[in-house]
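Protein chains in written order, with the numbering used here: chain Y, 1 to 114; chain F, 1001 to 1111.
Everything labelled a hint here was simulated from the structure, so no lab data went into it.
These figures come from a predicted structure and were not determined experimentally.
Any given hint might turn out to be false.
[To be verified] Straight-line alpha carbon distances no greater than 20 Å define the calculated DMTMM-like cross-link-like pairs of lysine to aspartate or glutamate that follow:
#1 Lys57/Y <-> Glu1003/F
#2 Lys1042/F <-> Glu102/Y
#3 Lys1002/F <-> Glu59/Y
#4 Lys1098/F <-> Glu95/Y
#5 Lys1098/F <-> Asp56/Y
#6 Lys1045/F <-> Asp38/Y
#7 Lys1042/F <-> Asp1077/F
#8 Lys1045/F <-> Asp56/Y
#9 Lys1045/F <-> Glu52/Y
#10 Lys1042/F <-> Asp38/Y
#11 Lys1042/F <-> Asp56/Y
#12 Lys57/Y <-> Asp38/Y
#13 Lys1045/F <-> Glu95/Y
#14 Lys1002/F <-> Asp38/Y
#15 Lys1098/F <-> Glu102/Y
#16 Lys1098/F <-> Asp26/Y
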Amino acid sequence: NAGVTQTPKFQVLKTGQSMTLQCAQDMNHNSMYWYRQDPGMGLRLIYYSASEGTTDKGEVPNGYNVSRLNKREFSLRLESAAPSQTSVYFCASSEDWGLGYEQYFGPGTRLTVT
Amino acid sequence: RKEVEQDPGPFNVPEGATVAFNCTYSNSASQSFFWYRQDCRKEPKLLMSVYSSGNEDGRFTAQLNRASQYISLLIRDSKLSDSATYLCVVNFNTGGFKTIFGAGTRLFVKA
Chain Y
1 NAGVTQTPKF QVLKTGQSMT LQCAQDMNHN SMYWYRQDPG MGLRLIYYSA SEGTTDKGEV
61 PNGYNVSRLN KREFSLRLES AAPSQTSVYF CASSEDWGLG YEQYFGPGTR LTVT
Chain F
1001 RKEVEQDPGP FNVPEGATVA FNCTYSNSAS QSFFWYRQDC RKEPKLLMSV YSSGNEDGRF
1061 TAQLNRASQY ISLLIRDSKL SDSATYLCVV NFNTGGFKTI FGAGTRLFVK A
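So that you can see chain F by itself, here it is in the shape it has in the complex (with noise of 0.2 Å):
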């Protein structure tokens, strides 16, 4: 089993429509979550932290629920610019730091 594991999707959504991804982790000792964007042939780049109370930013919702091991990220009155693949990370230290990335979940939103 993978350590951190994301449906590859593509999710095609219409402008306007809420779409939601999960991000499921194995190592229960797993520390710090952040979820990343990252557009076609750029650099990933930060999109927000998840907190364990979970936190929102705008049209985005990210959660946290420690017991299922998993991260969730919500987006809100999708807009056409919200295309992009949406990476998970997750950090954890099991006798050193260590980061792992989601292979991602692609997101289309049509007009």
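Okay, chain Y solo, but in the shape it has when bound (with noise of 0.2 Å):
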């Protein structure tokens, strides 16, 4: 099983680009998360989906939009991107939502807005 995956490792944009960062995993879980990680901050939740079909805002949504494609997959998007955007972004799984379940990072992806 290669567990959670990420796609792109690195990405470099300009200001005002779009892109669209790709996750998938192969355990079955239903939630799945999108984080952003800053240095000297603790990883804060963008968005997160609890199970196929939904999808809700977490604590940084502004800037981006998810899509809950089907149960393996969950992508994250920036439509215009700003140089705040500068991040490392993981994505996360779980086995169901709620308190008490262990989340599985993928790799990250490490985006770098000019």
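Assemble the dimeric complex from its two separately framed chains, guided by the hints.
Okay, structure coming up:
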């Protein structure tokens, strides 16, 4: 099993460009998440999908959109990239939604917006 | 005040030392707790859950102090391979499930 996979691993964008980060999991998990990680700050939740067909905003959703394409795939879209979105983005999944479920993370996407 | 706070370190310890990290949380309704480990430029991975009665996994011991609202991680007989950033995670449900990650504590174990 590959676990959680993310593409691309690295990306450089110019301000105003758009892109989609892809995430897939092969663990048959119901819940999926997108986080960003910045130096000196904890992982911050951007959006999550508690189950297939649902998505909800997390702590820092502005400037992002998501799509839960099917049970396996959860994509994150930046419509008009800004330098403040330079960060490392992690996708994660868990067996289900609620307290006490371990989250499994993908390897991350390092995004730089110039 | 941040909802979850950790001493960023770094903690520099020699091999074989015992080291402990604390993580304080502000929401008294917090219900579940974890420690994750993150190696440099890698993704976080679950190290261990933290149970009310405390729990141990080999050289690692996790404890919860609800009265003072903190969790701790003790590492005994440190190995070079323990060098990493340790993230605490606090979950609570106040009208909606919420997970908060601490910013992490960096540990360097030296030969």
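So, going through the hints one by one against the coordinates:
no.	hint	in the structure
1	Lys57/Y <-> Glu1003/F	19 Å, holds
2	Lys1042/F <-> Glu102/Y	17 Å, holds
3	Lys1002/F <-> Glu59/Y	14 Å, holds
4	Lys1098/F <-> Glu95/Y	16 Å, holds
5	Lys1098/F <-> Asp56/Y	12 Å, holds
6	Lys1045/F <-> Asp38/Y	17 Å, holds
7	Lys1042/F <-> Asp1077/F	24 Å, violated
8	Lys1045/F <-> Asp56/Y	24 Å, violated
9	Lys1045/F <-> Glu52/Y	24 Å, violated
10	Lys1042/F <-> Asp38/Y	13 Å, holds
11	Lys1042/F <-> Asp56/Y	26 Å, violated
12	Lys57/Y <-> Asp38/Y	19 Å, holds
13	Lys1045/F <-> Glu95/Y	15 Å, holds
14	Lys1002/F <-> Asp38/Y	16 Å, holds
15	Lys1098/F <-> Glu102/Y	14 Å, holds
16	Lys1098/F <-> Asp26/Y	24 Å, violated
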